[in-house]
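Once you've looked at the hints, dock chains B and C against the given chain A.
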Amino acid sequence: MTISAADLKDALTAVRETVPLVHCITNYVTVNDCANALLACGGSPIMSDEPEDVADITSICGGLVLNIGTLNQHSIEGMRVAGKRAAELEHVIVLDPVGAGASALRTATASELIDTLPITVIRGNMSEVKAVAGAASSTRGVDVNPDDVVTDENLAESAAFARELAAKLDAIVAITGAIDIVASADRAVAIRNGVALMGKMTGAGCALSCLVGAYVTANPASRLEAVVAAIAGEGLAGQIAASRMGELDGNGSFRTYLLDAICNMTAEQLAAGALVEEL
Amino acid sequence: MTISAADLKDALTAVRETVPLVHCITNYVTVNDCANALLACGGSPIMSDEPEDVADITSICGGLVLNIGTLNQHSIEGMRVAGKRAAELEHVIVLDPVGAGASALRTATASELIDTLPITVIRGNMSEVKAVAGAASSTRGVDVNPDDVVTDENLAESAAFARELAAKLDAIVAITGAIDIVASADRAVAIRNGVALMGKMTGAGCALSCLVGAYVTANPASRLEAVVAAIAGEGLAGQIAASRMGELDGNGSFRTYLLDAICNMTAEQLAAGALVEEL
Amino acid sequence: MTISAADLKDALTAVRETVPLVHCITNYVTVNDCANALLACGGSPIMSDEPEDVADITSICGGLVLNIGTLNQHSIEGMRVAGKRAAELEHVIVLDPVGAGASALRTATASELIDTLPITVIRGNMSEVKAVAGAASSTRGVDVNPDDVVTDENLAESAAFARELAAKLDAIVAITGAIDIVASADRAVAIRNGVALMGKMTGAGCALSCLVGAYVTANPASRLEAVVAAIAGEGLAGQIAASRMGELDGNGSFRTYLLDAICNMTAEQLAAGALVEEL
Numbered sequence: 004m005t006i007s008a009a010d011l012k013d014a015l016t017a018v019r020e021t022v023p024l025v026h027c028i029t030n031y032v033t034v035n036d037c038a039n040a041l042l043a044c045g046g047s048p049i050m051s052d053e054p055e056d057v058a059d060i061t062s063i064c065g066g067l068v069l070n071i072g073t074l075n076q077h078s079i080e081g082m083r084v085a086g087k088r089a090a091e092l093e094h095v096i097v098l099d100p101v102g103a104g105a106s107a108l109r110t111a112t113a114s115e116l117i118d119t120l121p122i123t124v125i126r127g128n129m130s131e132v133k134a135v136a137g138a139a140s141s142t143r144g145v146d147v148n149p150d151d152v153v154t155d156e157n158l159a160e161s162a163a164f165a166r167e168l169a170a171k172l173d174a175i176v177a178i179t180g181a182i183d184i185v186a187s188a189d190r191a192v193a194i195r196n197g198v199a200l201m202g203k204m205t206g207a208g209c210a211l212s213c214l215v216g217a218y219v220t221a222n223p224a225s226r227l228e229a230v231v232a233a234i235a236g237e238g239l240a241g242q243i244a245a246s247r248m249g250e251l252d253g254n255g256s257f258r259t260y261l262l263d264a265i266c267n268m269t270a271e272q273l274a275a276g277a278l279v280e281e282l
Numbered sequence: 004m005t006i007s008a009a010d011l012k013d014a015l016t017a018v019r020e021t022v023p024l025v026h027c028i029t030n031y032v033t034v035n036d037c038a039n040a041l042l043a044c045g046g047s048p049i050m051s052d053e054p055e056d057v058a059d060i061t062s063i064c065g066g067l068v069l070n071i072g073t074l075n076q077h078s079i080e081g082m083r084v085a086g087k088r089a090a091e092l093e094h095v096i097v098l099d100p101v102g103a104g105a106s107a108l109r110t111a112t113a114s115e116l117i118d119t120l121p122i123t124v125i126r127g128n129m130s131e132v133k134a135v136a137g138a139a140s141s142t143r144g145v146d147v148n149p150d151d152v153v154t155d156e157n158l159a160e161s162a163a164f165a166r167e168l169a170a171k172l173d174a175i176v177a178i179t180g181a182i183d184i185v186a187s188a189d190r191a192v193a194i195r196n197g198v199a200l201m202g203k204m205t206g207a208g209c210a211l212s213c214l215v216g217a218y219v220t221a222n223p224a225s226r227l228e229a230v231v232a233a234i235a236g237e238g239l240a241g242q243i244a245a246s247r248m249g250e251l252d253g254n255g256s257f258r259t260y261l262l263d264a265i266c267n268m269t270a271e272q273l274a275a276g277a278l279v280e281e282l
Numbered sequence: 004m005t006i007s008a009a010d011l012k013d014a015l016t017a018v019r020e021t022v023p024l025v026h027c028i029t030n031y032v033t034v035n036d037c038a039n040a041l042l043a044c045g046g047s048p049i050m051s052d053e054p055e056d057v058a059d060i061t062s063i064c065g066g067l068v069l070n071i072g073t074l075n076q077h078s079i080e081g082m083r084v085a086g087k088r089a090a091e092l093e094h095v096i097v098l099d100p101v102g103a104g105a106s107a108l109r110t111a112t113a114s115e116l117i118d119t120l121p122i123t124v125i126r127g128n129m130s131e132v133k134a135v136a137g138a139a140s141s142t143r144g145v146d147v148n149p150d151d152v153v154t155d156e157n158l159a160e161s162a163a164f165a166r167e168l169a170a171k172l173d174a175i176v177a178i179t180g181a182i183d184i185v186a187s188a189d190r191a192v193a194i195r196n197g198v199a200l201m202g203k204m205t206g207a208g209c210a211l212s213c214l215v216g217a218y219v220t221a222n223p224a225s226r227l228e229a230v231v232a233a234i235a236g237e238g239l240a241g242q243i244a245a246s247r248m249g250e251l252d253g254n255g256s257f258r259t260y261l262l263d264a265i266c267n268m269t270a271e272q273l274a275a276g277a278l279v280e281e282l
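In order, the protein sequence lines correspond to chains A, B and C. My numbering puts the first sequence at residues 4 to 282. My numbering puts the second sequence at residues 4 to 282. My numbering puts the third sequence at residues 4 to 282.
Since the hints were made in silico from the structure, they are not lab data. Everything numeric in this text was worked out from a predicted model, so none of it was measured. Hints are supplied without guarantee of correctness; some may be wrong.
[Claimed, not checked] Straight line, CA to CA, 27 Å or less: simulated DSS-like cross-link-like pairs of lysine-lysine:
#1 87/C - 203/A
#2 12/A - 203/B
#3 12/C - 203/A
#4 203/C - 87/C
#5 87/B - 171/B
#6 203/A - 87/A
#7 12/B - 12/C
#8 203/B - 203/A
#9 203/C - 203/B
Next comes chain A alone, as it looks inside the complex:
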């Protein structure tokens, strides 16, 4: 079983045709990028973190994204309430454990959400995912620890770790970096799209978790393929954005070009440009 060009096309097309409404409880640093990325891909965003508001909001949506950057006691309670309601409605739930491992509160919150909610997809860098898995690791703030970077040398081992964690949590595990890994209990896919410039702007990861939310919501019968399409799609958009960069352009223009490329991405473009390999 491998990911085909048709799988990727279908995943993108389903997002554009169904306009999945995604409820995001996310940090205030990159929330605007999250909303615009959702609109760019063909979905529709709604943000709400107030515990008294979130159950109603999540009820009218198809998916829920929980991102623990700039978490606070109030928004954590909002995540609990929204997650409980999303679980009752069998909605997609994506967890982005931003900075897990960097603070006790972030690690504990990510762990609590995993233990209490039927998470559909976890997406983070390797340091964050290791922290969530209880594996020994140390993070460098919200960036991956250099020791944790996925390389060709440790790819097989990293994929095995991701599959094991996916089995343990009954979730799709997406570890993103220079090489991305998407794994379920019995499958693992490597993705080699993307450019280093994506690390020079804030929010590429947060936006990606929202794209994953939209893709999985729109493709309930092929969730792993949907996650792969979302990640390959953002990486490919990054490549297109990088190819537009003029001499005076920097991370400001890159941020704009990335959104533009997500917005203009066609199913054919994604299928032709995705660098996906079943492991």
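Just chains B and C, lined up with the frame of chain A:
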């Protein structure tokens, strides 16, 4: 009595000349766009939602914008306190009922603010305004319900609804969409500026409520004309932004171009490009 | 003793080589610009304001930036806890007293932070710095009061004020405006980079405080030079951004170009373009 080119020119010129300082209690998704849109039009923004801070801040401003997106118990209390002080000072108060109808808390908060504060202008899409009016409606998150879209077919009926609500609330009612309606108790104006791309970025509506705040603050003697100028102006800026779009541009570039066009808009440009019709 | 081209080059190079991790507790209006400016200059941002989270986060960083725009009771407590931990670790602490003088809470919070924490640098406009100093002033929201603008006529007097305050607080005082002043107890430097367009976008000041945080963290042995390099660097980036402005460009494009120019700034460019004068 009709809106003339001179009315529109005067409204814009007054904003540029008086630099109205507008206090915004608004959501954290689009707050940066709100601040930059206020600066672009010639006003000056200040944001504050802490109940202990807002009375002082509102006191040094000329207008107050209350936007209930990402509301929370703390910011709702901030809206109450700021609104009370703004009322005492007879400041302009604009209400943007983001997502009213989508959750009980949002509908109740919008209703409470309308019942307790002398709101000058309510600006929302038709679903939100219907929710605020207590009319039967259902919203699709923060977007208008397709059944509620204003069209040429229902324009007269929609304008009558807006006028009635304006009379009931003693406020200007601005319902924005493909065709915008601005109504007081005895007048209604349709505006046909704007482009569909404005729905592909987050924040065009939130920014518009802030522009309305600046325009009405700067034009106390001609409030309806001011609201019309602000709405026609943003719509025209959207058209200018759309005309700049290159092949690779998407909603990222459009967001930038929209701000640029608001920033560069002249009184003559507005008067020449506004598509305004007294109903 | 004067600031040399080599001092400026060294300061920028140290930021690029050491990638200082800066913890920001800042307002939600411009937080995205703050994060992208830190990435652009060569640093790395992490945002957290929850009192239970901030001590862990600050511990893994090298510097802390406290910005009181959109402060609330919860984030003020976060500033206290983070500041205490940063002080124990002898980290750089930068205070940006946004809107001090505009509300009692903002003035009191800025004063409390100054009284209780070993602040390394205070950066604000003259009205804010005067409010912090307890001097008579009145602010116009988050903008400088016209009466407080630093000019050639009052430059010597303004520099004397800055030096006195620096001595009293045992901190570097950076007063930014058309002419910027950076002072320690025994030195004062004037900087004449920058363009008026920087006042047409929100966040240039907030981002600058973060750049100052990164520069001082990366240059512990030459703090005054580091502050001067950060301020001259952003001003020069503003000039470069202004020179890119096309006919249709406004504050949207300028915001992007400013980040771009910070991102692409070389040590040679900074040394050649900085307009710095020891007073």
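(message) Next pair to validate is residue 12/C with residue 203/A; report whether the Cα-Cα distance is within 27 Å.
(response) 22 Å, holds
(request) With a cut-off of 27 Å on the C-alpha distance, tell me whether residue 203/B and residue 203/A pass. (result) 25 Å, holds
(request) For the pair supplied as a hint, residue 87/C and residue 203/A, confirm whether the alpha-carbon distance does not exceed 27 Å. (result) 30 Å, violated
(message) Between the alpha carbons of residue 203/C and residue 203/B, is the straight-line distance 27 Å or under?
(response) 25 Å, holds
(message) What's the verdict on residue 87/B and residue 171/B, does the C-alpha distance respect the 27 Å limit or exceed it?
(response) The hint holds at about 21 Å.
(request) Could you grab the alpha-carbon distance between residue 12/A and residue 203/B and see if it respects the 27 Å cut-off? (result) Within the cut-off at roughly 22 Å; holds.
(request) For the pair supplied as a hint, residue 12/B and residue 12/C, confirm whether the alpha-carbon distance does not exceed 27 Å. (result) 50 Å, violated
(request) With a cut-off of 27 Å on the C-alpha distance, tell me whether residue 203/C and residue 87/C pass. (result) It is violated: about 35 Å lies between the C-alpha atoms, which goes past 27 Å.
(request) Take the C-alpha atoms of residue 203/A and residue 87/A, compute the straight-line distance between them, and say whether it is at most 27 Å. (result) Answer violated: residue 203/A to residue 87/A is near 35 Å, above 27 Å.
Going down the numbered hints, you'll see the structure goes against 1, 4, 6 and 7, while the others check out.
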